[in-house]
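Trainee: Residues per chain are reported as follows:
Protein chains: 2
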Amino acid sequence: MITVALAKGALLKDTVRRFAEAGLDFSAVLEPGNRLLMVPSACGQARALLVRNADVPVYVSYGQAQLGVVGYDVLREHALPVAQLVDLGFGGCRMSVAVKASSPYRRAADLPAHCRIASKFTRCAEEFFDALDLPVELIHLAGSVELGPITGMSEAIVDLVATGRTLAENGLIAIEDLFHSTARLVGHPLSLRLDDGRLQGIVDRLAAASQVGASTGAA
Amino acid sequence: MITVALAKGALLKDTVRRFAEAGLDFSAVLEPGNRLLMVPSACGQARALLVRNADVPVYVSYGQAQLGVVGYDVLREHALPVAQLVDLGFGGCRMSVAVKASSPYRRAADLPAHCRIASKFTRCAEEFFDALDLPVELIHLAGSVELGPITGMSEAIVDLVATGRTLAENGLIAIEDLFHSTARLVGHPLSLRLDDGRLQGIVDRLAAASQVGASTGAA
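Residue numbers (this note's numbering), protein chains in the order written: chain Z, 162 to 380; chain S, 162 to 380.
The following block holds chain Z by itself, in its conformation from the complex:
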């Protein structure tokens, strides 16, 4: 039985559509009344684990799921031993430094040394400011990072920006990008090595479907 860890939330709908194109129908996970965390595929040959974003690489690194789909941002932040297999192309967003629109800062390097940076992605933020040689104090928040600059707790934030609407609503602007993120297919290295061809078949079909998605501009 092949187990696939799928991230609840923004990536789920596109993920299910892409797997359907590759021959695995997990559409049951999208049914409004679904409360199951472990959902069999329509063919009965595979199952989906419905988990939080950050937990996808955990289940895949322990081999409880042989495959998983999760944002590149999560892979960067948690740095667990999983194999990155396919850039699925959808779920595009940027990891950005943002400040109050009324502040004088227009590049990350403008920020004062030892200023405070609030983020859900403190590891990504730490790497970025280390590379800039700018010492900062990182404040880990679990959500609503915009409140950092609004309340005056931090000079800036590092957060995912998709449309920029949340930033604008809170009087913030993005001033610099750390990286661009999209949904990635990841795999358990040992399972891929011991694969009898079935996993590779799914990977190949998802790669082909992602090529088509990319060349037609569909996300």
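Bear in mind the hints are in silico, worked out from the structure with no lab data behind them.
Do not take every clue at face value.
One copy or two, either will do: identical chains are not told apart, so a pair holds if it fits within one copy or between any two.
Mimicking DSS-like on lysine-lysine, the simulated pairs with C-alpha atoms at most 27 Å apart in a straight line are [as the list claims (entries may be wrong)]: (1) 261 to 169; (2) 261 to 281; (3) 169 to 281.
If you're wondering where the values come from, they're calculated on a predicted model, not measured in any experiment.
Knowing the structure of chain Z, use the given hints to seat chain S on it.
Mentor: Chain S alone, transformed into the frame defined by chain Z:
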């Protein structure tokens, strides 16, 4: 202006009710259409920050909120420098070790050395198993911790248990409690020290309301 950090989610309704009894009306945060993260009290003398559970002690420790309400479980897990002021009595639950009902383990000490424990509260779990002198491998999950034993990734979990319904639905049973948790009023130590009496007035009224709540058995 007094700022109070309130945890979104299960504690919010009781928190707002208790603050109303103490003279601060934050009922606007409960309005279904509310999207604001910073909500003024009806009297205009205070404001509420609506944040995630884990972020309440962050805002209070940095003094961005002078007071906050959050579960004891979060205070134990994050161990930030805030003053615990009042046990508000509601939001009762236990931090428990749970295993598959079909497993042979009936006490935490029965678990095999080097077994895996999945938890959102890995610091609490680490302290508990350290005190038992039982070496375990901790796996941090962001949600749906029940999947740890179900998928076979972990022998046990450490998680909050309120009614026990989620455990039962997933074929798990609690075998030992780490501690009991309730909602706590916390404060920013320096703000309390520099207080002109207004903060202490709120603390005293919340303490009095909590006494009444406790003695009449209301939660």
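Trainee: Take the hints in turn and mark each one as holding or not.
Mentor: Quick rundown of the hints versus the structure:
With identical chains, the CA atoms of residue 261 and residue 169 are at most 27 Å apart between copies only, with a shortest distance of 25 Å across copies and 31 Å within one. Taking identical chains as interchangeable, the C-alpha atoms of residue 261 and residue 281 lie at most 27 Å apart only when both belong to the same chain, with a minimum of 18 Å there against 32 Å between chains. Both within a single protomer and between protomers do residue 169 and residue 281 lie at most 27 Å apart by alpha-carbon distance, with minima of 17 Å and 17 Å respectively.
Of the numbered hints listed earlier, not one is contradicted by the structure.
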